[in-house]
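Asks: Sequence:
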Amino acid sequence: MNERKFAVIGHPIGHTMSPFIHKRLFELSGMGGDYSVYDIAPEELASKYSELRALDGYNITIPHKQAIIPLIDKLDNKAQLYGSVNTVKNGEIAEGYTTDPDGFLMALKAAKIPLEKSVVILGCGGVARTFAYEAALAGCNTVIAVRPDDLPVAASLAGELKTKIYKAYVSTSLISRLKGDFDLLINATPLGMYPNVDNMAPTPELLARCANVFDAVYNPLETKLIKMARANGSKTLGGMSMLVWQAVRSHEIWDNVSYKEDDIAQLVEDSAKEVTKLFS
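One point on numbering: in this note's numbering, the residue at position 96 of the sequence shown is 96, and numbering is uninterrupted.
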């Protein structure tokens with residue numbers, strides 16, 4: 001029997017953790033699968049689609065998460081809500097999913113960090129949209145906090161959430177003007193990412209008022225933000241966990257498999273070591 005074929009597509013794609021993570025997940029599940037990297041420029045996506053359709057499934061990263069939608073046959077409900085696809089399962093039809101939201105929720109659950117009550121999200125880019133949508137869907141009182149230049153984008157995102165999600169409690173703020181305590185702070189900015197490891201988006205004063213802290217940055221595994229939050233007594237979670245769990249969700253879609261939390265925790269740790277090799 002021919003080996004099943006999977007891939008991740010993006011442009012530029014360069015160093016990516018996807019092959020390392022997905023190959024390990026295929027090993028853990030006992031399901032065979034070759035996993036490749038396809039660098040496809042935006043103008044080539046339509047002409048290369050027949051090659052993608054021949055795969056058993058694939059993951060999608062920037063800049064194709066929206067552009068792939070007109071080419072595939074069906075979207076699941078969450079992909080429709082987000083208007084974004086990062087996983088495709090090919091069969092009689094090509095079905096599109098977005099696993100980032102589930103990866104976020106699964107990572108929080110594994111870390112026993114609740115998504116409830118008051119949440120502040122620092123940043124308003126693509127990954128911040130995922131966090132803001134899920135916080136709003138969970139009924140959280142959500143604040144999208146940004147720098148002055150990003151206030152219009154944050155306001156647009158808040159308006160979108162209020163339009164799409166019934167009774168979404170969403171507001172915007174400058175990071176410098178945040179007041180009060182928060183049950184969860186989420187860093188959705190690149191601040192603190194290697195090599196600029198001494199940077200941090202929130203002030204120490206804000207960080208001291210947050211019971212739980214999730215940093216979407218995964219290189220380094222323990223950012224300055226994570227270290228300082230833990231020193232404050234906050235429960236913390238780094239971005240590598242979400243990266244691995246969203247990949248787990250892809251395999252659940254492709255093969256209807258399940259994984260042990262201990263195995264995924266070990267994969268998160270091993271992936272952190274691997275990313276250090278890739279990017280240092």
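No lab work stands behind these hints: they were computed from the structure. Computed from a prediction, not measured in an experiment: that's the story for all the values here. The beta carbon of each residue, even a glycine, is placed where N, CA and C say it ideally should be. Take the hints with a grain of salt, since some may be wrong.
Now the in silico label distances, taken between C-beta atoms and shown as ranges [what the hints assert, rightly or not]:
(1) 61 - 164: 32 to 42 Å
(2) 231 - 269: 18 to 28 Å
(3) 53 - 149: 38 to 48 Å
(4) 62 - 205: 25 to 35 Å
(5) 62 - 23: 29 to 39 Å
(6) 39 - 116: 34 to 44 Å
(7) 194 - 174: 38 to 48 Å
(8) 260 - 48: 12 to 22 Å
(9) 176 - 5: 41 to 51 Å
(10) 270 - 195: 30 to 40 Å
(11) 61 - 181: 44 to 54 Å
(12) 30 - 112: 40 to 50 Å
(13) 258 - 141: 43 to 53 Å
Asks: Indicate, hint by hint, whether the structure satisfies it.
Replies: To see whether the hints hold, each was checked on the structure:
1. 61 - 164: 32 to 42 Å: 24 Å, violated
2. 231 - 269: 18 to 28 Å: 21 Å, holds
3. 53 - 149: 38 to 48 Å: Holds - the Cβ-Cβ distance for residue 53 and residue 149, about 41 Å, lies within 38 to 48 Å.
4. 62 - 205: 25 to 35 Å: 34 Å, holds
5. 62 - 23: 29 to 39 Å: 22 Å, violated
6. 39 - 116: 34 to 44 Å: Holds, since residue 39 and residue 116 (Cβ atoms, about 40 Å apart) stay within the stated range.
7. 194 - 174: 38 to 48 Å: 27 Å, violated
8. 260 - 48: 12 to 22 Å: Between residue 260 and residue 48, where Cβ atoms are some 37 Å apart, the hint is violated.
9. 176 - 5: 41 to 51 Å: Check passed, 49 Å falls within 41 to 51 Å.
10. 270 - 195: 30 to 40 Å: 22 Å, violated
11. 61 - 181: 44 to 54 Å: Because 35 Å falls outside the window, the suggested range is violated.
12. 30 - 112: 40 to 50 Å: Since the Cβ atoms of residue 30 and residue 112 sit about 28 Å apart, the hinted range of 40 to 50 Å is violated.
13. 258 - 141: 43 to 53 Å: Once the Cβ atoms are compared, 33 Å apart, the range 43 to 53 Å for residue 141 and residue 258 is violated.
The structure fails to meet hints 1, 5, 7, 8, 10, 11, 12 and 13 from the earlier list, while all remaining hints are met.
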